[in-house]
Amino acid sequence: MKCSLMSAFLVPKAMDSDSNLAEPAPLPDYSEDGVDLTLIRWMLSLTPAERLRFLEERINEIMTIRELNAGN
Amino acid sequence: MQETRLLATLRSLAEAEIQFILVGGLAAVLNGVPLQTYDVDLVYSQEPANIDRLLIVLQSLDAIFRIQPERRLQPARSHLGGKGHLNLLTLYGPIDLLPTVGKGLSYADLLVHSTEMDIGDGICIRVLDLETIISLKEELAGEKDIAVLPILRRTLSERRARKEPLP
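In the order they appear, the protein sequences are chains U and R. 0 is the number of the first residue of the first sequence in numbering that gives the first Met the number 0; add one for each residue after it. 0 is the number of the first residue of the second sequence in numbering that gives the first Met the number 0; add one for each residue after it.
No false leads were slipped in.
Sample of chain U residues at the chain R side, in silico, Cβ under 7 Å:
hint: 1; residue: Ser30
hint: 2; residue: Leu38
hint: 3; residue: Leu43
hint: 4; residue: Ala48
hint: 5; residue: Leu54
hint: 6; residue: Glu55
Just so you know, the hints here were simulated from the structure itself, not pulled from any lab data. Glycine is no exception: its CB is placed at the ideal position from the N, C-alpha and C atoms.
Kindly generate the complete structure, drawing on both the sequences and the hints.
Shown next, in the form of structure tokens:
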């Protein structure tokens, strides 16, 4: 299948002068049920292609470590 | 060591114009969920022409059933046309082929719940949307499904928060 869609880019609206003065409230690191929200935000900052490449590299690294420690 | 090559698997399927929708853990990852997964789960169209193309790709990937790898049983057209899940091992790693998921949802049923994603190298595939992945996990409600629901739901919340227009 050829790509027919372009990735959508989120462009933040320009901040007005009042909002420049106030410090934004920090986003929580974890949800009430213990999910690491910083990890989710980081994943969402990647494109699907980058997510796939990252996962693939991680899997292969883990497989290599497992092989080095086979029998342990 | 045999490398797991997720992109190579998906490229093979896409280049052969196989009609499929990526589901499961890898679909969740492509939707932005920080999970670790090792196989490729997909729902495929059981149209005869699609099965013919899929069979050729599976042969080129040296696919065999995982259940008894030492017997090297290869999937046949009758398997692909059946109702059972096919858990296979290929040159590029494990792949699970599903005629349906959940309560009998087929490729045609899932199309409206999928989006086209660019996964690099000019390859686009259809991926099940996060809302439907969550619904299916809730429906299955097995231990492993329940375990991942919090992170799936939180990712969906974060995505929705990002897409909402700023006040």
